[in-house]
Amino acid sequence: MNDRCLTTMSRLSVAAIALVAGMNARAQEWPARGKTMTLIVGFAAGGSSDVGARILAGGLEKVLGTKVEVQNKPGASGQLGYTAIARAKPDGYTFGVATLPGIMVSCLDPDRKAAYTRDSFQPVALQVVDAGILAVRTDSPYKTLKDVIDDARARPKKVTITTTGIQTGDHFEILELQKAAGVQFAIVHFDGGSTAMTALLGKKVDAYVGNIGDIRSQLSAGEIRVLGVMDKEESPFVPGAKTFTAQGLPVVGGSLRGYLLPAGTPRPIVQKPSAAIKTALESPEVKSGLDKLGLRVRYLGVEDYTAMWNEYASSVKDLIPLSKQ
Amino acid sequence: MDVLHSLLLGISVAFTPQNLLFALIGSAFGTLIGVLPGIGPSAGTALLIPLTAKLPPTGAIIMLTAIFYGTQYGGTITSVLLNVPGEAASAITCLDGHQMARKGRAGAALSIAAVGSFIGGLFATVALIFIAGPLTKVALEFGPVEFFALMVLGLSLLMGLAGRSMVKALMMGALGLLLAMIGMDPVRGAPRFTFGSAELLDGLNFVPVIMGLFGLAEILETAEQEFSRSSQAEVGSMLPTRQEVKDSVRPIVRGSLLGTLLGLVPGMTGSMSSFLSYSMEKKLSKHPERFGEGAVEGVAGPETANNAHANGALIPLFTLGIPASPTVAVLMGAFMMNGLIPGPSLLREKPDLVWGVIVSFFVGNLILLVLNLPLIKIWVRILRIPYSVLFGVILCVMVVGAYGVENSVFDVGVMLASGVAGYLLRKLDFPMAPVVLTLILGPLMERSLRRSMEMSQGDVSILFASPVAVVLLVLSGIVIVTSCLRFLPVKSLGAAGEEAEV
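Chains as they are written, first to last, in our numbering: chain A, 1065 to 1389; chain B, 220 to 721.
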């Protein structure tokens, strides 16, 4: 009896060792020669997320010596693409782009009926941060962030402020700002940055919240003034604009783009694309490509990026009920 | 003088052999993408962006913009010949364009569409050069409130699309609005009528729906008859008749104006322009009953409008740095990849590039005209293919096209389901145009209304607070009243007749 138990155990352990060894062997030969990698982008071709991913794909091809094919699966704010990543074979050859906080919203909001959960993904690396900003027209009476907040306090729910859509990063940033400053805005949801910016320039709304990558044209034309950057440090793309934190309002946000593998991908394999992304991001070609798009490279490896996911999981959870009020 | 100087600069850039070649390649690609159903201008442009990374920026932008407006030419071809819209903005052309093809006027329909497209594109480009500043002010006037009023006007034109029965037209309009409700609520974030399907969170995809309603339904209906005739129709003369040309002049002028103006407004789509142009032409026509039976005005107006729209949508890109449509957003991505930020500052920093690109619009549109007119002869030969063969080919093209919109099998299902629904509705003599109009219009209208409400925190009076909005709302009132009048005399006559009998 005991004997049999032992043999079973030894068999099991042999099997386990063989499995680990096999995995290591597979990890060593990853990526296998001539095997194409698929990069799933859950956003329309030509958008900022797509272009950023394509630039990186080009860099990765050089680092890994294999083809990286971009596949667009747009729809439902990335949800269709995320579903495809979650369902992919966890062999390290299919990975995808994820945008925080968007993906976390789809994981945590039961209304979104996502076919995946937070645990369906293995975070691999953070690529870029497109920090959030609050901007007004150049001829606006608001000169500082304080002016906006004071006015919102004096006239609750009268100061109009735009988002690029419901439950987007901008929307959550405004909710955080309302909480931090104790004010209420009239939040107007647009569908994307261009209609929101038109409304701002056409004097239909008072303030615009969006990402740096979307406002560079109006900024360089001198049509808008950025009153604050929602980042830990000031942005080289918006010279002279202070951070929200420096102005006494601890709001940090924006669009954070990174890469995911499906959960269950063997650990040794996970590290490899993560390291390759790091190398690719350091290449001058990728760097200047992202720089032209106004995207700031901020690499985080597997551990740090996973920690960031956990942070977002708790903050987004608190904001979802507020976003539906 | 200043403009003249800039134009000369632009000419010197656009007319280098290299840039002429880029314009030619772009135009040819654009036509091809337009012809292929499913692959619309934004997907087509995006596909080719990586190719341009190695090109000089001016050439790359010239080529990509040519692809963009070139698709508007190509989209017409399948609409007219096969009743399958090559892309969304040409959907309405199916109604009369395909009827013309059945009457042997395919060549004329395509020629008029090509000329109209050329004039529309030219008009919007001239507007960009000479009155971009004032036009931009017009675009900025259109906030959510004014946008909503414009959508009300669009909806009121629906009454003009009615055929024999106003009730049936309104029923179809309501059906379209209902279908437009599918998807994520834009303000509360709650899913509506999605039945747990993530594919429906964005709402129904417009292109597969119209492919089904027009193309597949047509095939199903024709399949009822025996394939006794070997082909659809005699091809007939390529050239439009004198009467057809005369009838097209006004729709082309109106289409140019309408398309350019709507193109300016961010968030407006090219299909909106072509649909409103069609509705307007039918409303203004002395013979509205000819629409749907092969009226040349129903081809000339919308085809002009969608091209004017495409070129008009580039105006805010240059004056404000705002992409007015999803395709222009893709173009903007191409600018940025080349290290250029479109907008007023680009004009100051790189006038040679900006004016070179603008002048290339003339070149590109001219190339497209020259390219398309002789090709028409070849295209119409498709009509000589026997039905039994042609239908199989069209079905394949539609399935691939529906899949290609977003790489989704779900959309193929949507196309097939819409086809069956469209077939049944045709059998019951329901008109198709209203449902398509409200399907495009519904989401735009809802979003602008709810945005207005968010701005005023629920105060309805904001809808009447803007002079532009009030003018548009009054116009819609006029359209509704005059559309009703069309039905009144018949009724009163009937009533009088009955009285006389008694």
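Check the hints yourself; a few may be wrong.
[Stated by the list, open to error] Pulled a few chain A residues facing chain B out of the computed Cβ check, cut under 10 Å: (1) 1141; (2) 1218; (3) 1244; (4) 1339; (5) 1356; (6) 1361; (7) 1365; (8) 1366.
[To be verified] Taking lysine-lysine and the BS3-like style, the derived pairs with C-alpha atoms no more than 27 Å apart in a straight line are: (9) 356(B) to 1351(A); (10) 356(B) to 1207(A); (11) 1267(A) to 387(B).
[Said to hold, decoys possible] Far from chain A, some chain B residues (derived; all Cβ distances over 10 Å): (12) 265; (13) 359; (14) 389; (15) 403; (16) 456; (17) 457; (18) 468; (19) 549; (20) 565; (21) 585; (22) 603; (23) 625; (24) 693.
No lab work stands behind these hints, which were simulated from the structure alone. For glycine and all other residues, C-beta sits at the position ideal for the given N, C-alpha and C.
Hints, verified against the model:
no. : hint              : verdict
1   : 1141              : holds (8 Å)
2   : 1218              : violated (16 Å)
3   : 1244              : violated (22 Å)
4   : 1339              : violated (25 Å)
5   : 1356              : holds (4 Å)
6   : 1361              : violated (16 Å)
7   : 1365              : violated (27 Å)
8   : 1366              : violated (27 Å)
9   : 356(B) to 1351(A) : violated (37 Å)
10  : 356(B) to 1207(A) : holds (24 Å)
11  : 1267(A) to 387(B) : violated (42 Å)
12  : 265               : violated (3 Å)
13  : 359               : violated (4 Å)
14  : 389               : holds (28 Å)
15  : 403               : violated (7 Å)
16  : 456               : holds (41 Å)
17  : 457               : holds (37 Å)
18  : 468               : holds (34 Å)
19  : 549               : violated (3 Å)
20  : 565               : violated (8 Å)
21  : 585               : holds (27 Å)
22  : 603               : holds (37 Å)
23  : 625               : violated (6 Å)
24  : 693               : holds (21 Å)
Violation of the numbered hints given earlier is confined to hints 2, 3, 4, 6, 7, 8, 9, 11, 12, 13, 15, 19, 20 and 23; the remaining hints are satisfied by the structure.
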